[in-house]
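Q: This is what each chain is made of:
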Amino acid sequence: MSKVQHDRTHHAKKATGKGDPQCFKGEAGPAKFKVGDRVRIRDLPDIFYTRCQVYTRGASATVSAVVYESPAAEDEAWDNTDKPEWFYSLVFRQKDLWPNYPDLFANDTLETELSERWLEKA
Amino acid sequence: MAKKHTEDEHGHRPPAPMVDEISDFEVLEMAVRELAIEKGLFSADDHRRWTEYVHTLGPLPAARLVAKAWVNPAYKKMAVTDGVKASLEVGVDWINDMPTHFGTPSDYCNLRVLEDTPKLKHVVVCTLCSCYPRPILGQSPEWYRTPNYRRRLVRWPRQVLAEFGLQLPPDVEIRVADSNQKTRYIVLPVRPAGTEGWTEEQLAEIVTRDCLIGVAVPKPGVKANAKRPVHPAVHPVHHDH
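Here the protein sequences line up with chains R and H, keeping their order.
Heads up, the first sequence is in numbering that gives the first Met the number 0, so the first residue is 0 and it goes up one at a time.
Heads up, the second sequence is in numbering that gives the first Met the number 0, so the first residue is 0 and it goes up one at a time.
Looking at chain R on its own, in the form it has when it is part of the complex:
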């Protein structure tokens, strides 16, 4: 990363003709979780930038899909694309996110994605 002249077009060069996140395919190694796994969202420190919404932290969810490989947003925000990781689509019960969500609507859910660093086995 400590180049004298940082190449600000390296992302465009890498993604042309492949797309983003497709251009990071095969760079993250084996995925730690699989579809159906129960995971808990870690409450990591997030200095400066994060895409891990506070409302998900500490809550448990089910992996609904292993979606793609990409640098985590927290790294990519600083143009650090050296270590892509797996992203997972996660389904939360609304009751698990908002303790006073009405019982009448206990079926309601929310789906969002997070990168592997944010997840631990529940």
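Calculated directly from the structure, the hints in this document are not laboratory data.
All values reported here derive from a predicted model rather than from experimental measurement.
Honestly, I wouldn't trust all of these hints.
[What the hints assert, rightly or not] Here are the computed lysine-lysine pairs in the DSS-like style, where the Cα-Cα straight-line distance is at most 27 Å:
hint, chain 1, residue 1, chain 2, residue 2
1, R, Lys120, R, Lys24
2, R, Lys13, H, Lys84
3, H, Lys118, R, Lys94
4, R, Lys12, H, Lys84
5, R, Lys17, H, Lys118
6, R, Lys17, H, Lys67
7, H, Lys118, H, Lys75
8, H, Lys38, R, Lys12
9, R, Lys13, H, Lys38
10, H, Lys38, R, Lys33
11, R, Lys82, R, Lys33
12, R, Lys17, H, Lys218
13, R, Lys12, R, Lys24
14, H, Lys75, R, Lys33
15, H, Lys75, R, Lys24
16, R, Lys24, H, Lys76
17, R, Lys24, H, Lys38
18, H, Lys67, H, Lys84
19, R, Lys33, H, Lys67
20, R, Lys33, H, Lys76
21, H, Lys75, H, Lys218
[Stated by the list, open to error] A few chain H residues that don't get close to chain R, going by computed Cβ distances all over 12 Å:
hint, residue
22, Arg133
23, Thr198
24, Pro235
[Stated by the list, open to error] Okay, the calculated beta carbon distance ranges per label pair:
hint, chain 1, residue 1, chain 2, residue 2, range
25, R, Asn106, H, Asn224, 25 to 31 Å
26, H, Arg227, R, Pro101, 36 to 42 Å
27, H, Ser139, R, Ile46, 28 to 34 Å
28, R, Ala64, H, Lys222, 31 to 37 Å
29, H, His46, R, Leu43, 50 to 56 Å
Virtual Cβ for every residue (Gly too), placed ideally from N, Cα, C.
Assemble the complex: chain R is given as a structure, and chain H must be docked to it using the hints.
A: Okay, now just chain H, sitting in the frame of chain R:
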């Protein structure tokens, strides 16, 4: 004092701005854009071409995708498993389309089509900013970008949907899709009753932008989005040029 949005001296009405207040973010965008042009990252002409391209986009391809999926089960299966591939058949190439040929950091190339069932209703939001599947849906509506919609939909989805006129029974699971990473979502609603024997073109007409975001469901005869209330700006901009 500047004139309001009325007829000018030539007797025609100038187009109304989408927002009549310039936000801090718009000022920031202009500043960053001008710096990027000065630095040579892109030219003013590149920016003009990009802006013009973006304004040619609209929700029509997504409506056609849904109509096609309703009449063709094999295509529906493909759409649900690979939205980017399914988009090709309605003329949207997420990966190679003009003008950048690689998407942009705000138009990532991962489209997921969320299939509704009679017992499952999807609705899309981005709580982070206002991520939106622009290549296939065009520019997002103003309300989609407001903090009001973004922060309330995840917490009170039923109340917000009711404000759009969509009230669903408790046995229907509402699933909010928060698109704050690299996947963009559109909703594939349930084909409504009363559309038996319709052609793909007829079906596409009732799949409005709001149906594709998930705040409305298609109905025979309804071909437009419901009107949203517009509140006057506290500090309106006067256009005197």
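Q: So, for every hint listed, does it hold in this structure?
A: Comparing the hints with the structure gives:
no., hint, in the structure
1, Lys120/R with Lys24/R, "24 Å, holds"
2, Lys13/R with Lys84/H, "20 Å, holds"
3, Lys118/H with Lys94/R, "18 Å, holds"
4, Lys12/R with Lys84/H, "22 Å, holds"
5, Lys17/R with Lys118/H, "36 Å, violated"
6, Lys17/R with Lys67/H, "26 Å, holds"
7, Lys118/H with Lys75/H, "18 Å, holds"
8, Lys38/H with Lys12/R, "19 Å, holds"
9, Lys13/R with Lys38/H, "22 Å, holds"
10, Lys38/H with Lys33/R, "45 Å, violated"
11, Lys82/R with Lys33/R, "20 Å, holds"
12, Lys17/R with Lys218/H, "38 Å, violated"
13, Lys12/R with Lys24/R, "15 Å, holds"
14, Lys75/H with Lys33/R, "25 Å, holds"
15, Lys75/H with Lys24/R, "25 Å, holds"
16, Lys24/R with Lys76/H, "23 Å, holds"
17, Lys24/R with Lys38/H, "32 Å, violated"
18, Lys67/H with Lys84/H, "14 Å, holds"
19, Lys33/R with Lys67/H, "32 Å, violated"
20, Lys33/R with Lys76/H, "22 Å, holds"
21, Lys75/H with Lys218/H, "20 Å, holds"
22, Arg133, "14 Å, holds"
23, Thr198, "33 Å, holds"
24, Pro235, "33 Å, holds"
25, Asn106/R with Asn224/H: 25 to 31 Å, "27 Å, holds"
26, Arg227/H with Pro101/R: 36 to 42 Å, "26 Å, violated"
27, Ser139/H with Ile46/R: 28 to 34 Å, "30 Å, holds"
28, Ala64/R with Lys222/H: 31 to 37 Å, "34 Å, holds"
29, His46/H with Leu43/R: 50 to 56 Å, "37 Å, violated"
Hints 5, 10, 12, 17, 19, 26 and 29, counting from the list given before, are not met by this structure.
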